[in-house]
Every structure is written in C-alpha cells, then in structure tokens.
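J.: Sequence:
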Amino acid sequence: MQNSLWQSVLGEIELSVPHAQFVTWFKNTELVESSDEQVVIAVPNIFAVRQFQVKFSDHIKQVLAKNGVEPARIEYVVKSSNAKKRVISRETTHSPAQSLTESRPAGMVTQSGNLNPRYTFSNFIVGSSNDLAYTACQAVAQYPGTKYNPLFLYGGVGLGKTHLAQAVGNEIVKHQPDARILYISSETFVKEFLESIRFKKKGFSDKYRNVDVLIVDDMQFIANKEKTQEEFFHTFNALHQNNKQIIITSDKPPRSIPTLTERLRSRFEMGMSIDIQMPDFETRCAIIETKSSLSGVELDRETVEYLANNVKTNIRELEGALNQLLAYAEMRSIAPDISTAEGLLGNVRRSRPQHVTAKQIIDKTAKYFSLSPAEICSAQRDKHIVTPRQIAMYLLRSELHLSFPKIANELGRKDHTTAIHSIEKIEKSIKLDFTIREQVAEIRERLYA
Numbered sequence: 001m002q003n004s005l006w007q008s009v010l011g012e013i014e015l016s017v018p019h020a021q022f023v024t025w026f027k028n029t030e031l032v033e034s035s036d037e038q039v040v041i042a043v044p045n046i047f048a049v050r051q052f053q054v055k056f057s058d059h060i061k062q063v064l065a066k067n068g069v070e071p072a073r074i075e076y077v078v079k080s081s082n083a084k085k086r087v088i089s090r091e092t093t094h095s096p097a098q099s100l101t102e103s104r105p106a107g108m109v110t111q112s113g114n115l116n117p118r119y120t121f122s123n124f125i126v127g128s129s130n131d132l133a134y135t136a137c138q139a140v141a142q143y144p145g146t147k148y149n150p151l152f153l154y155g156g157v158g159l160g161k162t163h164l165a166q167a168v169g170n171e172i173v174k175h176q177p178d179a180r181i182l183y184i185s186s187e188t189f190v191k192e193f194l195e196s197i198r199f200k201k202k203g204f205s206d207k208y209r210n211v212d213v214l215i216v217d218d219m220q221f222i223a224n225k226e227k228t229q230e231e232f233f234h235t236f237n238a239l240h241q242n243n244k245q246i247i248i249t250s251d252k253p254p255r256s257i258p259t260l261t262e263r264l265r266s267r268f269e270m271g272m273s274i275d276i277q278m279p280d281f282e283t284r285c286a287i288i289e290t291k292s293s294l295s296g297v298e299l300d301r302e303t304v305e306y307l308a309n310n311v312k313t314n315i316r317e318l319e320g321a322l323n324q325l326l327a328y329a330e331m332r333s334i335a336p337d338i339s340t341a342e343g344l345l346g347n348v349r350r351s352r353p354q355h356v357t358a359k360q361i362i363d364k365t366a367k368y369f370s371l372s373p374a375e376i377c378s379a380q381r382d383k384h385i386v387t388p389r390q391i392a393m394y395l396l397r398s399e400l401h402l403s404f405p406k407i408a409n410e411l412g413r414k415d416h417t418t419a420i421h422s423i424e425k426i427e428k429s430i431k432l433d434f435t436i437r438e439q440v441a442e443i444r445e446r447l448y449a
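The numbers in our numbering rise by one with no breaks, and the one at position 92 of the sequence shown is 92.
Just to be clear, a hint being listed does not mean it is correct.
[To be verified] Here are the simulated DSSO-like cross-link-like pairs (lysine-lysine), alpha carbons at most 27 Å apart as the crow flies:
| no. | residue 1 | residue 2 |
| --- | --- | --- |
| 1 | K191 | K201 |
| 2 | K359 | K406 |
| 3 | K428 | K406 |
| 4 | K174 | K202 |
| 5 | K61 | K27 |
| 6 | K425 | K55 |
| 7 | K207 | K244 |
| 8 | K207 | K227 |
| 9 | K312 | K227 |
| 10 | K200 | K174 |
| 11 | K406 | K55 |
| 12 | K227 | K200 |
| 13 | K252 | K200 |
| 14 | K252 | K359 |
| 15 | K312 | K359 |
| 16 | K27 | K291 |
| 17 | K201 | K227 |
| 18 | K312 | K406 |
| 19 | K225 | K291 |
| 20 | K244 | K202 |
| 21 | K225 | K244 |
| 22 | K191 | K227 |
| 23 | K191 | K244 |
Because the hints were derived from the structure by calculation, they are not lab data.
Starting from the given sequences, assemble the full structure and let the hints guide the process.
T.: In structure tokens form, the structure reads like this:
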C-alpha cells in the first residue's frame with residue numbers, strides 16, 4: 001500500500017518539477033510510514049533532509065492530499081540499515097564504507113581497478129554547486145557508454161571531482177560485478193606509457209583499451225606531452241567507438257587547458273563538460289554535519305555555522321578544520337563547541353582572516369587586472385575597467401554583505417542601481433563564463449591568502 005502510494009506521489013511530482021531536480025532529490029526516496037498522524041519519508045543524506053524541509057514539504061503535502069493522505073506532520077529521515085530508525089539532521093548515520101562492503105558484489109575487488117570503495121553517491125553531499133554534476137554522474141552510472149560519453153568534470157582542488165568520478169565506477173560494479181573499471185591519474189598514464197617505450201613493455205594498449213569504463217583524473221597534467229597525447233587519442237577513439245564509458249577530471253575545461261592538442265580537445269568536448277564550483281554555505285554546513293556525525297560527534301548549530309562561515313575555499317580544507325577541532329576536543333575530553341573552534345581557527349585558519357575591508361577588495365581587484373584603485377573607482381566606461389569594477393562590486397556584496405548604496409558609495413557612484421545591475425551581471429556570468437568564474441575565484445584566493 002505504502003509503495004503504491006509513494007509511486008503515485010512520485011509520478012505526479014515528476015511531471016511538475018524539472019527532470020534534473022527530480023532525479024537529484026526525489027528518485028532515491030522511500031515512504032517509510034504513512035498514517036493520519038505522520039508520514040515518514042527516507043532520503044539519501046542529511047543535506048537532502050534539509051532540502052526537503054525547506055524547499056519541498058509544501059509540494060509533497062499538496063500531492064499527498066490529492067492522493068487522499070493528509071497527515072498532521074511530515075518527517076524526513078536518512079536511510080540507514082534500519083529503515084524504521086528515526087534520524088534527525090545531526091544524528092549519526094551508518095558508515096558508508098561499511099554499507100558498501102555489505103552490499104558490494106563479490107567480484108568488485110578484482111574488477112574495480114584502483115577504485116576507492118568509500119567514494120559513493122550515498123555519501124556525496126549535493127548542493128547547488130555540484131547538483132548538475134551529481135545528476136549527470138548518476139545518469140552515466142545507469143547508462144554507461146551511451147549517456148554523456150565522454151563525461152568531463154572540471155573545477156578547483158578539493159571540490160569532489162574524484163569522489164563523483166569514482167562513485168560512478170563503484171555504482172556500475174555494484175550492479176554489474178563483471179564490469180571492468182579502470183581508474184588512474186593522468187600521471188600514471190604518462191609514466192606507464194613512457195615505461196612501455198623505454199623498456200619495450202608489451203600490453204600497455206591492451207590494459208587501457210580492454211575496459212568497460214576508463215576514469216582518468218587530473219587530465220591537465222597530460223597537456224604538454226605530445227606523444228602521450230597521441231597515445232591517449234588512440235585509446236580514446238578505441239573505447240568510444242566501442243561504446244565504452246570515458247570519464248575525465250581536470251582543473252579546467254578542455255578549451256582552457258594549455259597545449260592540449262585540438263583533436264583531443266574536440267574529443268573531450270563531444271560529450272558533456274560540467275563545472276563543479278565551490279560549495280555554498282548550506283552545502284558546507286551539510287558537509288560538516290555529515291562528517292562529524294560519521295565520527296560519532298554531534299555539533300551544535302552555532303559551531304557548524306562558524307566553521308562553514310570561516311572555511312570557504314574547498315571541501316578538503318573544511319574537513320581538515322573539522323578534523324582538527326574533533327581531535328583537539330577528544331584529546332582534552334571536552335565538547336567541540338564554538339569557543340574551541342574560534343581558538344583553533346583564529347591561529348591556523350588559512351582561508352579567511354579576521355577582517356576583510358572594502359579597500360582591500362578594491363585594491364586586490366585592481367592589482368589583479370593591472371589597474372589602479374583610482375581607475376576602478378573612476379567614471380571611465382572602458383571595457384577593461386568596467387568588468388573589473390563590476391567584479392569588485394560583486395565581491396563587496398558576496399564577501400562583506402554590504403548594502404547596494406554602500407557598495408555604490410565605495411566605488412564612487414551616486415546611483416546604487418548601477419551596483420545592483422553590476423552584481424546581477426557577474427552572478428550570471430559566473431554560471432556561464434568560465435573566465436569570469438576563474439577571475440573571481442583567483443581574486444578571492446589572493447584576498448584571503
């Protein structure tokens with residue numbers, strides 16, 4: 001009864017929301033309990049709990065009502081080995097590595113060359129910065145070799161590219177134990193290729209061309225090696241022509257990798273290229289809560305938000321700050337609270353200083369574009385000045401949360417509508433223009449170095 005009810009609900013929701021949103025949030029949900037008092041819905045992770053509570057509850061209530069169910073409340077729980085167990089947003093979940101070991105087919109170890117079993121979809125925190133990449137990777141895992149081939153994931157260090165790429169491989173092997181998955185770094189490919197030439201080793205081509213899925217990490221390191229690029233080009237063609245899945249990660253999109261041959265660039269761009277950006281505040285909070293819960297520690301909201309507000313560069317640094325806090329608290333047998341976090345991060349934080357001023361943002365932006373602060377704040381409308389000025393306004397808003405009139409005043413403007421227009425333009429450009437996105441990211445790095 002519950003299963004048929006939830007299938008009806010999902011069917012209606014699928015027709016009323018974008019397909020990517022349905023796949024990302026609703027597809028892997030289950031109805032655990034249904035009564036007049038409450039409906040309990042199981043979702044994949046803690047971040048999903050928050051998304052459903054904030055964004056989707058009203059919609060779900062409406063669709064449930066259409067199907068004759070009007071509970072007093074709706075509760076969202078994280079899926080666990082015990083489906084009936086209530087899990088609030090900060091409660092400990094079972095170990096992803098353990099759950100994978102329990103469900104993993106016996107053939108996975110021998111077939112999943114170099115995959116890390118800890119990298120799964122279930123323990124990947126989805127947010128606005130990576131939801132498109134997450135959805136595309138799930139589609140590839142479901143239809144390898146036919147959906148988005150090749151899949152090219154790019155973005156800065158520590159944003160989850162490797163996690164997602166390997167999650168595809170782990171998911172495929174879970175359902176197809178005999179699948180041949182090979183994960184390597186581009187440096188390994190280069191090293192083995194050179195050894196095959198130098199020592200006349202046989203079997204190099206067979207190793208890379210007789211797989212069902214090839215995952216290559218950090219492709220940017222292959223860019224200035226002509227012979228290696230030629231070999232990879234032939235490997236790519238052999239796999240692609242046989243409908244074998246290719247997944248590539250890099251710190252830049254294909255068109256921005258220097259000295260990458262044109263024929264390889266065109267191959268990389270023939271599938272889907274997706275940018276993974278820095279996680280937003282809500283995603284950082286979810287990451288902290290998930291990681292701390294897996295360590296058996298429940299942080300209060302104030303501490304979670306302090307960490308999320310003060311470590312913004314990438315996920316690895318965020319996890320590093322959290323691990324340091326948990327280790328410090330454990331060694332001293334104290335609770336990891338906000339005062340402890342403030343003491344630790346105040347001394348070692350690299351990603352954010354105590355104070356950032358409007359003048360620093362303007363000066364750093366001007367220096368980045370080889371301009372003077374006076375030019376940034378002038379009335380000149382030359383294109384080489386307008387864009388940097390707009391970026392400075394965007395950073396004043398995103399980093400200091402200044403009001404539009406205050407931003408206009410800092411840049412020597414009387415009308416604050418200019419600031420509104422400039423900030424909206426940069427916000428759109430960050431989503432669509434890799435160059436603008438990279439410029440903003442690099443100025444941020446310099447500002448907080």
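J.: Indicate, hint by hint, whether the structure satisfies it.
T.: Structure-based check of each hint:
no. : hint        : in the structure
1   : K191 x K201 : 12 Å, holds
2   : K359 x K406 : 13 Å, holds
3   : K428 x K406 : 22 Å, holds
4   : K174 x K202 : 31 Å, violated
5   : K61 x K27   : 17 Å, holds
6   : K425 x K55  : 26 Å, holds
7   : K207 x K244 : 14 Å, holds
8   : K207 x K227 : 18 Å, holds
9   : K312 x K227 : 39 Å, violated
10  : K200 x K174 : 36 Å, violated
11  : K406 x K55  : 32 Å, violated
12  : K227 x K200 : 15 Å, holds
13  : K252 x K200 : 33 Å, violated
14  : K252 x K359 : 30 Å, violated
15  : K312 x K359 : 21 Å, holds
16  : K27 x K291  : 24 Å, holds
17  : K201 x K227 : 16 Å, holds
18  : K312 x K406 : 24 Å, holds
19  : K225 x K291 : 39 Å, violated
20  : K244 x K202 : 22 Å, holds
21  : K225 x K244 : 25 Å, holds
22  : K191 x K227 : 12 Å, holds
23  : K191 x K244 : 23 Å, holds
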